[in-house]
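Trainee: Sequence:
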Amino acid sequence: MATDAREPGTPAGGPKASRRAAAMPFILITVLIDMVSIGLIIPVLAPLVGTFTGSQADQAFWFGAVSFAFGIANFFGAPVLGALSDRFGRRPVLLLGFSGLALSFFVTGLANALWMLIAVRLVSGALQANAAVANAYVADITPPEDRARRFGLLGAMFGVGFILGPVMGGLLGAIDLHLPFYVAGSLAVCNWLYGFFVLPESLPPERRSAFEWRKANPVGALRGLSQLEGVGLLVAAMPFALLAQLMLHATWVLYTDFKFGWGPRENGWSLFAIGMMMAIVQGGLMRVLLKRFSPQRLALAGMVSSALCYIGWGAATEGWMMYLFIIVNVAGYAVTAAIQSIVSNAAGADMQGKAMGAMASINSIMAVAAPVIGAAMLGFVSHLPRGDWRIGAPFYFCALLQAIATLLAWRHFARRPAAPVGAPRRADVHP
Numbered sequence: 050m051a052t053d054a055r056e057p058g059t060p061a062g063g064p065k066a067s068r069r070a071a072a073m074p075f076i077l078i079t080v081l082i083d084m085v086s087i088g089l090i091i092p093v094l095a096p097l098v099g100t101f102t103g104s105q106a107d108q109a110f111w112f113g114a115v116s117f118a119f120g121i122a123n124f125f126g127a128p129v130l131g132a133l134s135d136r137f138g139r140r141p142v143l144l145l146g147f148s149g150l151a152l153s154f155f156v157t158g159l160a161n162a163l164w165m166l167i168a169v170r171l172v173s174g175a176l177q178a179n180a181a182v183a184n185a186y187v188a189d190i191t192p193p194e195d196r197a198r199r200f201g202l203l204g205a206m207f208g209v210g211f212i213l214g215p216v217m218g219g220l221l222g223a224i225d226l227h228l229p230f231y232v233a234g235s236l237a238v239c240n241w242l243y244g245f246f247v248l249p250e251s252l253p254p255e256r257r258s259a260f261e262w263r264k265a266n267p268v269g270a271l272r273g274l275s276q277l278e279g280v281g282l283l284v285a286a287m288p289f290a291l292l293a294q295l296m297l298h299a300t301w302v303l304y305t306d307f308k309f310g311w312g313p314r315e316n317g318w319s320l321f322a323i324g325m326m327m328a329i330v331q332g333g334l335m336r337v338l339l340k341r342f343s344p345q346r347l348a349l350a351g352m353v354s355s356a357l358c359y360i361g362w363g364a365a366t367e368g369w370m371m372y373l374f375i376i377v378n379v380a381g382y383a384v385t386a387a388i389q390s391i392v393s394n395a396a397g398a399d400m401q402g403k404a405m406g407a408m409a410s411i412n413s414i415m416a417v418a419a420p421v422i423g424a425a426m427l428g429f430v431s432h433l434p435r436g437d438w439r440i441g442a443p444f445y446f447c448a449l450l451q452a453i454a455t456l457l458a459w460r461h462f463a464r465r466p467a468a469p470v471g472a473p474r475r476a477d478v479h480p
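Per the working numbering, the sequence shown runs over residues 50 to 480.
Think of the hints as simulated: they come from the structure by calculation, not from any bench. Note that the structure is a prediction, hence the values are computed from the model and not measured. Yeah, the Cβ is synthetic: ideal placement off N, Cα and C, and Gly gets one too. Be aware that one or more of the hints could be misleading.
Claimed, not checked - Label pairs and their in silico Cβ distance ranges: (1) Val430 x Pro74: 42 to 52 Å; (2) Asp107 x Arg435: 35 to 45 Å; (3) Met325 x Arg464: 46 to 56 Å; (4) Phe137 x Tyr445: 36 to 46 Å; (5) Ala463 x Trp164: 47 to 57 Å; (6) Lys340 x Arg257: 50 to 60 Å; (7) Arg341 x Arg460: 16 to 26 Å; (8) Val377 x Arg341: 15 to 25 Å; (9) Ala364 x Asn161: 33 to 43 Å; (10) Asp437 x Ala259: 50 to 60 Å; (11) Gly436 x Leu159: 31 to 41 Å; (12) Ala162 x Ala259: 34 to 44 Å; (13) Ala259 x Pro74: 25 to 35 Å.
Using the sequences plus the hints, can you model the full thing?
Mentor: Laid out in structure tokens, this is it:
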């Protein structure tokens with residue numbers, strides 16, 4: 050037995066290392082196109098649902114149902130797709146996800162009934178694990194000590210996608226509510242072509258693992274994630290933090306409409322601001338922050354910052370205040386990359402897809418709950434006059450969730466610190 054603590058992608062010289070270094074720009078471009086296409090529909094999906102309903106309360110309910118359909122399908126689909134990427138490679142699963150997105154966008158644009166929206170979101174959710182597989186791709190080509198920074202770059206592409214996508218969606222939606230979906234579908238097709246002809250595979254055959262249903266189902270995937278050294282109780286904190294974050298995303302457009310009367314254009318610009326801050330923090334400041342703070346400290350600071358900003362967004366009485374807290378929440382934009390690096394460093398070389406798929410499964414089930422809870426809470430306060438502080442109820446609830454996540458994460462890091470970066474793990478020992 051020979052011990053090789055080096056993960057795939059650790060620089061070792063030669064053309065193979067050079068090819069893997071060149072793979073990072075490819076996956077960043079892929080994620081950017083993917084997120085622009087998704088961001089395009091954010092300002093217009095809720096208004097599109099509203100064209101099939103007769104009241105704000107009905108709109109909130111059916112928007113929650115459409116979001117629920119995607120989330121529940123993705124909850125079951127993401128761990129399976131993550132495990133399949135460990136068996137067959139990242140590239141085929143990414144191509145499948147791009148196909149599902151293209152189908153979803155085009156059919157949504159053509160939909161003339163609510164049942165069509167729900168049906169296509171079910172199909173799209175079952176086929177979509179692009180974020181999880183992209184994270185596994187980055188882990189494949191990156192040494193453990195550099196993963197937090199690389200995940201930050203990946204997060205920056207998500208941010209840039211949210212800069213370009215919602216603004217484009219808001220401008221196009223002002224022309225026609227269906228137009229952003231056709232443009233998003235076209236971008237998804239372009240991404241499939243780019244992935245097919247340009248994107249290299251990151252997982253060599255010798256690093257692949259067998260597919261097992263017991264590890265691919267959501268329960269098995271989450272159990273495996275909780276048993277990773279250095280993760281433990283952090284798995285219990287993730288759902289609370291993710292539910293808060295996803296409730297923010299799920300209710301932002303409806304909330305700003307109810308409270309400030311914002312339309313697609315105003316929401317497009319506000320989401321542009323969120324994306325810009327994500328890109329600045331994760332693409333640039335992440336390197337500086339990681340020199341001063343460990344991923345654990347960064348995650349805790351970000352959770353505290355987010356909890357305070359949720360209260361600020363909920364209590365805001367003027368539109369400019371929403372922008373103020375978008376800017377203030379600097380540490381909050383670093384939480385996801387910090388936690389991803391902790392989980393990735395705890396997983397073995399052949400477990401990246403499963404680990405990221407399990408995290409995506411947590412994200413998905415929270416994505417099921419977030420729009421339902423958020424829409425229900427907004428439905429209860431939809432009768433209140435614009436500007437009433439009680440309309441911020443979903444955001445106050447988000448602050449409570451984030452506070453619980455912070456306490457659980459703090460307890461975890463105090464009792465069971467993460468394994469040292471680069472330390473050998475059982476999965477890195479090869480015959």
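Trainee: Hint by hint, note whether the structure agrees.
Mentor: Structure-based check of all given hints:
1. Val430 x Pro74: 42 to 52 Å: For Val430 and Pro74 the Cβ distance comes to about 46 Å; the hint holds.
2. Asp107 x Arg435: 35 to 45 Å: Violated - the Cβ-Cβ distance for Asp107 and Arg435, about 19 Å, lies outside 35 to 45 Å.
3. Met325 x Arg464: 46 to 56 Å: 37 Å, violated
4. Phe137 x Tyr445: 36 to 46 Å: Given a distance of about 45 Å, which is inside 36 to 46 Å, the answer is holds.
5. Ala463 x Trp164: 47 to 57 Å: Holds, since Ala463 and Trp164 (Cβ atoms, about 49 Å apart) stay within the stated range.
6. Lys340 x Arg257: 50 to 60 Å: 35 Å, violated
7. Arg341 x Arg460: 16 to 26 Å: Cβ of Arg341 to Cβ of Arg460: about 23 Å, so the range 16 to 26 Å holds.
8. Val377 x Arg341: 15 to 25 Å: Distance hint for Val377, Arg341 holds at roughly 19 Å.
9. Ala364 x Asn161: 33 to 43 Å: 40 Å, holds
10. Asp437 x Ala259: 50 to 60 Å: 57 Å, holds
11. Gly436 x Leu159: 31 to 41 Å: 38 Å, holds
12. Ala162 x Ala259: 34 to 44 Å: Holds: the Cβ-Cβ distance is about 43 Å, inside 34 to 44 Å.
13. Ala259 x Pro74: 25 to 35 Å: 31 Å, holds
The structure shown violates the earlier hints numbered 2, 3 and 6.
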